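Listed here are the chains, written in short residue letters.
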Amino acid sequence: GIQVEQSPPDLILQEGANSTLRCNFSDSVNNLQWFHQNPWGQLINLFYIPSGTKQNGRLSATTVATERYSLLYISSSQTTDSGVYFCAVLTQGGSEKLVFGKGTKLTVNP
Amino acid sequence: SAVISQKPSRDICQRGTSLTIQCQVDSQVTMMFWYRQQPGQSLTLIATANQGSEATYESGFVIDKFPISRPNLTFSTLTVSNMSPEDSSIYLCSVQGSRASGGAREQFFGPGTRLTVL
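First to last, the protein sequences are chains A and B. Under my numbering, the residue at position 7 of the first sequence is numbered 7, and the numbers go up by one with no gaps. Under my numbering, the residue at position 69 of the second sequence is numbered 69, and the numbers go up by one with no gaps.
Any given hint could be a false lead.
[To be verified] Pair by pair, the computed Cβ-Cβ distance ranges are:
no.: 1; chain 1: A; residue 1: S28; chain 2: B; residue 2: S5; range: 30 to 36 Å
no.: 2; chain 1: B; residue 1: T20; chain 2: A; residue 2: N56; range: 34 to 40 Å
no.: 3; chain 1: B; residue 1: T20; chain 2: A; residue 2: I12; range: 37 to 43 Å
[As the list claims (entries may be wrong)] Negatives, chain A to chain B, calculated, CB over 12 Å:
no.: 4; residue: R22
no.: 5; residue: T53
no.: 6; residue: Q55
no.: 7; residue: R58
no.: 8; residue: L59
no.: 9; residue: L71
no.: 10; residue: S75
no.: 11; residue: N109
No wet-lab data here; the hints were simulated from the structure. What you are looking at is a predicted structure, and each value in this text was computed from that prediction instead of being measured. Note that the Cβ used here is the ideal one computed from N, Cα and C, for glycine as well.
Turn these sequences into a full structure, and let the hints steer you where they fit.
Below is the structure:
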């Protein structure tokens, strides 16, 4: 099956710093999503981005489908950005399913 | 985006018992999905539930252990049967946006049910 690899696995930042999270996937996909899981376990949709670039406030994402990777940029990080960031891809074929990477655990210190 | 609720939000259960988790969506959806997230791990798909048909289970998950009901287009239940401490996880239900919404297949998740088995 498809492999989804995220890097780095852990990231510690000081408040105000910028960061880039990466997601590589091993096969063509129909869809790619970025999620933020907060400390209470809630999964929050950040981006639905099968290709191209999108921005939402301090966050932006770019997916280059032909090269099978996506990047999530966080600028001017805040302590509330802490949590786990997941990349997930929707597989192609008869039975689509959303396959998750292992996540990047982000800690933003004040 | 869909609004999804789950009950219970958390529970502590004794081994050997069963727990049924409910998932309610505020709009009609064709497919509903159930995921498991073991402590410190990523999300793994348990099964896909279509209304009016048997759920489709992923490798490593069986109907006897995780029976699923899908009585209508807005509701589903997942039962965790004969529980052991290894079943301690967060269980999440999920739905996909309709193709009517610009062909998007964005997936949305409920708040999860945090299960601890003693």
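To see whether the hints hold, each was checked on the structure:
no.: 1; hint: S28(A) with S5(B): 30 to 36 Å; verdict: holds, 34 Å
no.: 2; hint: T20(B) with N56(A): 34 to 40 Å; verdict: holds, 37 Å
no.: 3; hint: T20(B) with I12(A): 37 to 43 Å; verdict: holds, 40 Å
no.: 4; hint: R22; verdict: holds, 16 Å
no.: 5; hint: T53; verdict: holds, 17 Å
no.: 6; hint: Q55; verdict: holds, 17 Å
no.: 7; hint: R58; verdict: holds, 21 Å
no.: 8; hint: L59; verdict: holds, 16 Å
no.: 9; hint: L71; verdict: holds, 19 Å
no.: 10; hint: S75; verdict: holds, 24 Å
no.: 11; hint: N109; verdict: holds, 21 Å
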